[in-house]
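Chains as they are written, first to last, in the working numbering: chain A, 1 to 323; chain B, 1001 to 1376; chain C, 2001 to 2521.
Hints are computed from structural coordinates only; laboratory data are not their basis.
Each hint should be verified, as a subset may be incorrect.
Once the Cα atoms are required to be at most 30 Å apart in a straight line, the calculated DSBU-like pairs of lysine-lysine come out as [claimed, not checked]:
1. B:K1260 - A:K304
2. B:K1320 - B:K1103
3. A:K304 - C:K2147
4. C:K2242 - C:K2217
5. A:K304 - B:K1163
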Amino acid sequence: MIDWIAILQAGIASGTVLLFAAIGEIMAERSGVMNLGVEGMMLIGAMTAYRTAVTIDQPWVGLLFAMLAAGILSLLHAVVSIHFQADQVVSGLAINFVGIGLSMVLGEGLSKAGAVSLLPTITVPLLSQIPVLGPILFTNHNPMTYLGYALTPAAWFYIHRTRPGLHLRAVGEHPAAADAMGINVYRLRYGYVFAGGVLAGLAGGTISLAVSPGWFSELTTSGQGWIAIGLVIFAQWNPWRAAAGAYMFGALRRLILDLQGPQTLLGFANPFFYTPRLGFFLQMLPYALVILILFIGSREAMKKRVGAPAALGVPYIRGERGT
Amino acid sequence: MTGQEMSANPVGGQGWQFPFSISIEPRLTVPKWLPALISVGSLGVAFVIGGIVLAVAGGNPLAIYAHLIRAAFGDIGVFNDTLVKASPLMLVGLACALAFRMKLWNIGAEGQFFLGAWGASAVVLAPILPRDTPAILMIPTMMLAGVACGALWGLIPGFLKAKFNVNEIITTLMMNYIAVSWVLFWVFGEWSESGFQMSPMFPRNAWLPRLTDYAAQIPQFAGLTLHAGILFGLIVSVVVWFITSRSRWGYEIRLIGDNKEAARYAGVDIARNTMLLMMVSGGIAGLAGMAEIAGVVHRLQGAISNNYGFTGIIIAWLAKLNPFAVILVSVLFGGLIQAGREIQPSGVPRMLQGIILFCVIAGDVLLRYRIQITRR
Amino acid sequence: MSASAPLPDSASSIPYAVEMRGIVKRFPGVLANDHVDFDLRPGEVHALLGENGAGKSTLMNILSGLYRPDAGLIRVNGRPVHFNSPRDAIAAGLGMVHQHFMLVPTQTVTENIILGLSEPRFFLPLDQLDQRVLALQEQYGLRVDPKARIWQLSVGEQQRVEILKMLYRGANVLIMDEPTAVLTPQEVEELFHTLRAMVARGHSVIFISHKLDEVLKISNRITVLRQGRVAASGIPAHEATKAQLAQLMVGREVVFTVRKKPVQPGEVVLSVEDVCAENDRGLPALRHFSIQVRAGEIVGIAGVAGNGQSELAQVITGLRRCSCGRVVIAGEDIANRPPRAAIERHVAHIPEDRHGVGSSPGLSLAENLIMKSHRRPPISNGWVLNLPMIRRQAAQLKDEYNIIAPSVEVQARLLSGGNLQKAILAREISAGPRLIIAVQPTRGLDVGAIETVQNLLLKEREHGAAILLISEELEELLTLSDRIVGMYEGRHMGELNAEEATLAAIGLMMAGTPQGKPATR
């Protein structure tokens, strides 16, 4: 039998990782800077967090360092794409390669480390008693999951109902207008790229210290950074939609693992149990699904004529034509 | 106004004054030698930065670099190995360079490489041709199959981009993961050699000719595994050069890459060109997969790519999308991969590649701006 | 640095509202401001007059804190100031309304008005802010819905938002950069009314323009800039004449050498019949619009920006889909065919956006000159480019059209606006067009280049080309066109013959009141 409650519960936990990364990327892209280095930044975060936990046995400090390390990496992207006006696609890819390579170099031997302290799990006293939702949302989750619940509305509110959020949107839509009104376009863009990096680092740390503990070099993230970027496009830069997508993909990850276990599926012989290599098709599923949601998102965007922040990917040069 | 400004200190603020004034002006013309100089300079800076990181990580950068050079270019044997590694890199680098000309971000060369390898293998393993087909027929069929499968793998994101404006960066990347799973599905099952995670060895008539095959005639060739795949790279580089700088299609590609709106205005069919270019780019990457399978591995298995597809992106950029420079840079990166195999920690080549790409794009600022430092 | 600044008029001991002395600003290859002096008295409208590229915008960008001058001194109300950013200029009470509005299209009016302010600190009490904006509107009689998003507003409304934005910040001095370029004559009157009301309340206004009539009408004093230098400083408007100002602006006597020869129009080349189309935001831009252009005539379209003119040009050239109607060129309907269909029927298109659409900035001048002809002999055989031919032809066009560039290999982005426009005209006209769609062909050019462009169009008219001219310069429409069609919200507002057309009648059509002959199909 498939335990749907367990799948959804695990999905919420691993969806949190995607949520952090996606909201971080939303922040950066809303300010006009696309950072394709999410995967690399997550790996740096995951490695740093785990390494710190192994060395000083302090998972919380590990998370802090993970955020810092990924944030610093994102600043490289900020310098090159904001000040040097480099192509943001290529710069993001470079961040990715640096992140992967660096985490492999610095994470050498880490996979053989012994037991480390991970993030604790918490069951919320009253809320966990709610039928169905209680076990899924409020039972045995690590603190990051609860943080994720708060992050989505907070991010939406920040973007749409606060002064800094107003400035953030202005800088991404029409930097010249923001500049003329005395908003420091460069400083804000640096800030939000850094914030994106910090959140990607947090996402990485959450993987290695809570969701699937350990360091497995590239396989630690296995493309989740890219899925997060796909989610941002699908979400049309809206944190709520990003959250929905993130939790869905989180649940899917767990479902794929669980589908291969039982001998029967819905009363039929489980093909994935009897022919394990069919499991490779299950492994393709999240990636194929990203393509599918991008397709759906693009059609929707075409119809509703909503799009990326107008200045996304365009370096701002004061006094130049256009945005 | 014609002017544009980049303040050296956009954050503003007075107070402490830097003793030198740095003036940054847009460069109006670029001397022909400058891009090459910047590429070489960036490479140098990258190795210095990489060295610092290695030293911090507890290694001895000089020893590591010395080892890299020796293990990549030290003697004819290792240089042979370097060129073997460079062969797929050339093709993949050219595939990326061609697509990037149109600002089409084909990040999927890795997947197209896998599909190319799979298609070529299918000719032998399915089998499409009988095992004892003469090489003269077998090899071209494998090439064709490899190119076709790579092209198809490129066409899918190309089609989605052209018709529905689906972001090709993400789709090509997702296609990589799907391609790997696809190949694994076959080597774990249908084509598995008695349960091992690899296909049986191809017959000799499905092997690309290697130098060592001619050792009987030229004894110096003994043991040299360099195969005909490197010729594919050289030929394709000429073809890509001709397409981009001499053909009408190349002109349209460059026009789209520089200004899509102007291309549309000039009557260029962007959707058609997007699909076509993704197919050609994917086909070239597929050919790389075929060459690797038929020239080096001689069987299909999960581990056939040393991250070639991603390295191709870096190569294309370092070569400034120049197809001949791709050849040179590929040899360099071939050496890095070849020599990096024995280096601990194993991530060093990957990290160096990333730092190189980063330095190259950071260096590009010198192409756009002239920076002068004068004493106040 | 300039000599020491003279004291303000002895007539008043009140300091100048703004005083700029010896301003120098250099850009690579250009001396944009060469020791410019400028001053503004409290409660006056001071016009800054000059051609495109004379350095007006640079001077005002310095005053609004966007650029830092290389040399010179600025005083506001008698106190020296150093602006490091627009924020400083705003704090000093200077508010600039840019020619291209600095508004975020996806945000509401209120959001745009409070953008960049330090109050409220964090949370945005949007309803309360809307109220405050409404109160301000009441005070100045500038009405616009505070909850509307900018992209939903007309250009005139957007300008009101810009002015409100500055008033909200307590701007004492308003800098208006070419504010009338996008308005109907009637809206211009309204704007002048607003400006006078503001002056009456003690504000001062710097009015940047290249239109002599308007400057004479609204300003108290006039300063003329020419090639980065002051050609005349603060002359009282009531003493100035149009001819005198024109000469100061251009530096020589202005003789209008654009002369239209009589041409007998031939057969109908372009017939737009009942066309509907949407703009980029999915809103109707053309509503059953019809127009005909015959060989050897210029038909001008008069309309305020954003009333469907751009979309009309795009529908004819195949760059935009239309949802109904026909576009018949030489007897064949090419509506909704790809852009190539129009190109192959010898339709030349001088697009509105010469940088974004008409040229490819990163390609060379030569490569820009073969856009469209690149698929035919002699430029290519369909597959391979004929490089020597491309170079030869480019060199020839460069000479013939007097395109100033170091070589034909230079990147198009390095050409000046006028030379780029000449290159586009060279490309489009050398193809021997049957129909020319010219959209804002002289916008942003200096007098010499304007003359060249206008004469080229007239020459093509004499050669029997049909020309559709879309322009916001009413003078230009009156000079060049044989017939003028008014356009308002995508509709045909009637047609006037060039002889009978008056500015007032055109203005009425632009504001939505039909005049003259109705549309025929």
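Exercise. For the pair supplied as a hint, A:K304 and B:K1163, is the alpha-carbon distance within the 30 Å limit?
Worked result: holds (17 Å)
Exercise. Are B:K1320 and B:K1103 close enough, with their CA atoms no more than 30 Å apart?
Worked result: Roughly 13 Å separates the two Cα atoms, so the pair holds.
Problem set entry | Holds or violated: A:K304 to C:K2147, with C-alpha atoms at most 30 Å apart | holds (20 Å)
Exercise. Does C:K2242 pair with C:K2217 here, judged by a C-alpha cut-off of 30 Å?
Worked result: holds (11 Å)
Exercise. Does B:K1260 pair with A:K304 here, judged by a C-alpha cut-off of 30 Å?
Worked result: holds (22 Å)
The earlier numbered hints are all upheld by this structure, with none contradicted.
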